[in-house]
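Participant: So you can see what is in the structure, the chains are spelled out below.
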Amino acid sequence: MNWKRYRNELIVLAALLVAAGAFAYKLSRHTSMAKSNQQMAKELAVLQETVSLKKIWADKHLTQKVDKLRMLVPAAKVTWRRQGKHLSATFSDLKSSEVNMVITKLLNIAVQVEKLKVTKEGDHYRVEVKCKW
Amino acid sequence: MILIHRAMERCSPDAPVDVMLTPQFYTMKRESLPIKYAYQAKRIAPSLFDGLLDEDGKYDFFVFKEGEAWVFIAYDPDEITTFLESKGISAQMVSKLFFAQQSAHCFKTPVRLGEREALSLVDGTVVVVPVTALPETVYGSVDEHCHPSKGVRLESGAASWLTRKQAMLLTAILLLFALIWALEGRRYGTNNIVLQEKLDALYEANPALQSAYARESVASKYRKIDQLERRKRELVGKIAGMIFKGVTVTHFSLEGRKYTVHFLVSDARVAKRLEGLIKRAGMQKSLRSTSTEIIVEGSL
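Residue numbers (the numbering used here), protein chains in the order written: chain A, 20 to 152; chain B, -14 to 285.
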């Protein structure tokens, strides 16, 4: 076969192959970049979620915040027992407004509530709390 | 290199050959023009031959510089191809085409073309003259020294689907696209800088979370706590929303995931309204409930 006869076609074919190669290169880079960006976005989402959850539930100032609960009602009404990051407290003879305040404040602190018991005793309430952080 | 003239013998080369055309196959003009480049000269070539060429012919032009003057040559590729084929030389067997004028110095001594004609140099122009007009009896020949450096390629016509011009145009377009795609591909190589910067900043602040395993483990631990604690807080919120005039909570306990609430109601109308609220909150009234005390039990 005389290749010289098809010189023009061969030149175009070679250029076509180069263009096809460049297109395949572009596609592969695009796919790999999209994949990598997707992975990065996922990693970032998990990381941000982890950091924010840790910031909420492992707050270093939680102990101080929990201790403030004790000051909400007169000391005579509180039985307070805190050991490290565990609290067991009983609030007695509380008026309904005090119950609301104690529970609202408690639930606004990022502690893990193990037990929350509210009992009506006559006109007053008794609140038992067990939590950890 | 084969010298092509009307009186030549038939020949059948078995390998591609260069051919040199005698003035029988081209029209020549020599002009001194203030032109610097060959492409500029080639552009004006058609206008120089106005009225000189056969109107039916389809001419191409070849230009070269001879001393200070430009030499313009007009030739008909179809006519040349037809003639060559009649002499047994197919267009595909022609490597390059040259013109006798390009090697004018070779014709200072006339070169014989058949029995009656010869190629000779007259006033610097290669012309075909009758042998009888020449005083010489010694003739030269065309050898390798007469091979010009620049020639033209004869389009192989029917054998090729594309002309050289079309091929070059297509090639240029395809290579341009190839370049664009390659550059685009190269650009895709760089990751999302904003995402990377955010990740780097977070890792720098939390080096313990750099391991994917540690990250997943910490995330899973806090996710569970978050989910459960949010439910507990939502439960208290819902119960608080059920307290209105005529309803008193006498007991509430939440231990682990289990909860119990005792509501004391003043009358049946209040009880009915409370039951509606309980139902709407997705909770269930216990069977232990009475007409004045509604008990709700459940698990988170």
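Wrong hints could be hidden among the right ones.
Stated by the list, open to error - Examples of chain A residues lying across from chain B (beta carbon under 8 Å, computed):
#	residue
1	Val37
2	Met52
3	Met59
4	Leu66
Don't read these hints as lab results, they were simulated from the structure. A virtual CB, placed ideally from N, CA and C, is assigned to each residue, including glycine.
Participant: The structure should be examined with respect to each hint, and the outcome stated for every one.
Facilitator: To see whether the hints hold, each was checked on the structure:
1. Val37: holds (5 Å)
2. Met52: Cβ of Met52/A sits 5 Å from chain B, so the hint holds.
3. Met59: Hint on Met59/A: holds, closest Cβ of chain B at ~5 Å, below 8 Å.
4. Leu66: For Leu66/A, the interface hint holds, since the closest Cβ of chain B sits about 5 Å away, which is under 8 Å.
Checked against the numbered hints given earlier, this structure breaks none of them.
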